[in-house]
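Please work from the sequences and hints to get the whole structure.
Residue numbers (my numbering), protein chains in the order written: chain A, 1 to 413; chain B, 1001 to 1413.
Source of the hints: derived by calculation from the structure; they are not laboratory data.
The hints are all genuine.
Here are the simulated DMTMM-like cross-link-like pairs (lysine to aspartate or glutamate), alpha carbons at most 20 Å apart as the crow flies:
id, chain 1, residue 1, chain 2, residue 2
1, A, 7, A, 92
2, A, 222, B, 1155
3, A, 274, A, 250
4, B, 1222, A, 151
5, B, 1075, A, 250
6, A, 7, A, 93
7, A, 75, B, 1250
8, A, 285, A, 250
9, A, 222, B, 1151
10, B, 1222, A, 155
Beyond 12 Å from chain A on every Cβ pair, some chain B residues (computed):
id, residue
11, 1296
12, 1301
13, 1404
The C-beta atom is built at its ideal place from N, Cα and C for all residues, glycine as well.
Residues per chain are reported as follows:
Number of protein chains: 2
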Amino acid sequence: MSGGILKGMRVVEGSAFVAVPLAGMTLAQMGADVIRFDRLEGGLDAGRWPVTASGQSLFWAGLNKGKRSIAIDMKDPRGREIITEIITAPGDDAGLFLTNLRVKGWMDHATLSARRPDLCMVTLLGDRHGRPAVDYTVNPAVGFPAATGPEGSADPVCHVLPAWDCIAGNMVVSALLAAERHRLRTGQGQEAVLTLKDVAAAMLGNLGIIGEVAVNGVDRPKAGNALYGAYGQDFLCRDGRRVMVIGLTDRQWAGLVKVTGTAEAMAALGRDLKLDLADEGARWKARARITEILAPWFAVRRVDDFAADFDAAGVTWSVFRSFAQALAEDPDLSTRNPVFSEIDQPGIGRYLVPGSPLGFSALPREAPVRAPRLGEHTEEILADVARLPSHAIAALFDAGIVAEPNTPRRLAS
Amino acid sequence: MSGGILKGMRVVEGSAFVAVPLAGMTLAQMGADVIRFDRLEGGLDAGRWPVTASGQSLFWAGLNKGKRSIAIDMKDPRGREIITEIITAPGDDAGLFLTNLRVKGWMDHATLSARRPDLCMVTLLGDRHGRPAVDYTVNPAVGFPAATGPEGSADPVCHVLPAWDCIAGNMVVSALLAAERHRLRTGQGQEAVLTLKDVAAAMLGNLGIIGEVAVNGVDRPKAGNALYGAYGQDFLCRDGRRVMVIGLTDRQWAGLVKVTGTAEAMAALGRDLKLDLADEGARWKARARITEILAPWFAVRRVDDFAADFDAAGVTWSVFRSFAQALAEDPDLSTRNPVFSEIDQPGIGRYLVPGSPLGFSALPREAPVRAPRLGEHTEEILADVARLPSHAIAALFDAGIVAEPNTPRRLAS
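Rendered as structure tokens:
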């Protein structure tokens, strides 16, 4: 990174999978020097799918953009000592460490902060009991799959987006920035701890779902693709495309009724049901009947027939796309969107890669930087951060404690 | 908030719905003084479902915890001037503003920063074209519903968790903390802008999905509740409960095979398919056959029969629950979890409420603070932040520009 709002900050990351790598990448895309360390053979996520035909992880490439990589044998005490040096290296804007690896002894906060008392460390765990947890287990545990999918179905539907990881990863960023802010004011370091399970459990309360159960005594049933609590529904169009249409706010609802020319029909429906559809809750209660009125309108129209009118009227709507359709037809997923660039990723090739979705007016937008090869920066980090003389670095290579850069992959057997 | 890592920071929030209210609440739960301003009748989300029988919004109560509330008539120029004063009020730790409301003229960055040049403002928009967008439209546009749900089904399945809002809200927090950090170093204020659509578009790249389409030419199909790219599957047990079981890492896979006693069957399957199931991608390819081996094991057992063994062996797993089941049976969703407290919310009652999932070792954990009534802090904010003398405050009440506190709700007609 040439600039960025966090330029000068150095963050060390010992991680795998989504949340903490995403946190490090988010910081790197804001300009921080983020050093991810891994075993010589790569971390647990080195071969995480999707992978290319040759076994290169597109997942790893996506979540480690803009970082520096050091790969080192941490079974060797010299390897552990070097990582400790890197985590606790001096510098006012250093001494910042993110991890989701539970390594007792040498890599815990007590040990590391003995070396650098003002270390700011953020640790993401599975659950508060010390049990492992992943997005795929946290989500069923708190109840979302049971409320997802077609109305009346008894089968739980899990989400495909690892949403809890993405939320927790961004909370790791906030926690680090808050802890560093506190250090700047007090000189005090600390460890911030969060668990994936608690992130999900808390969100259940934040969104009013705990209250819905505890106060209203309601266990929210599946409602298909309907927007909960107001009006929003998917419709099939004449061209076979499906659209999502929103009538959450008064304005959205009025716009939808106007462009579909259904004002009279909706007024009659309100009279019939003795509901004022200007009230969002009334729209929720009447949603099936509202959909009956709107569905024929969409069924005889192609998306192209109404897209411009919908946009002009400020209707909040979208077509449904597959991932490939989104890439093929949405200009927001192309270099026409300044968030994206085409860059070369060693071992993978040239493809569309996002930078940070955050734009800061005081600084130019930074183009995305590719992910490192595994161990690509080992030698420079040993020299610049661990401050090892060249003969000591050579000795580490000779001893096999560090090695030439590799591309993170797992060989299929 | 009596303490918290951001104690002393003052943030003003002009917002509605999920993302920016969540951002403000997250900052409030870290100790910031967060002032949310609204119209006298409440914002667009004042009646957002879920609501209680009397129309009180559990959603609003969940997303505005720990904030101060001022309600004011912003159609009146005096109301707008007061909000401007509050946003740009002096203080080294003030001049921080979050919004997702597009109000031209008086509330944009150009106008506000003319009053306080070092203002740090974070603005969340729908998409980069200025069109409105909500979680329910962004998600279909980028492709997740098309990849969600039962294998072979053509029907898109939308998620129930507003994941993009939750992710974007946490990015708003990071953006504010990064901008304030930059201000501290340079004296410079700025506006950080992000869009909900770009947050989703970028995540598609971060997770490797863009590469999967662009490099591999694969449009990911639905795979039911299977963990993508390795092994993870849901199983129905003898007691009618369903569990999710994960074999993502080597250790998780080995643990699962061991406790289910299926080592021989898996070895035979590997020979049959000419795949080494120690490779995660091989497990993905063989997932249907693996599931055939494991399903009978679960079908003859109750969850209680294997729960302790699974935990002892470090298997990563979870039962599926509805929201009500999660509240009824999961101690992580109770006051046994220090994240949660039971607190009184005016107009709603006493129920289980989460504090921040973040624990900072340098400071005691803060109990959650209830959401304000609409306009609860109007008078004190006019006095302490807008610095109006009492006669001027009285005049505002007389003119109807501010009013007595209210509970945020929308009357059903």
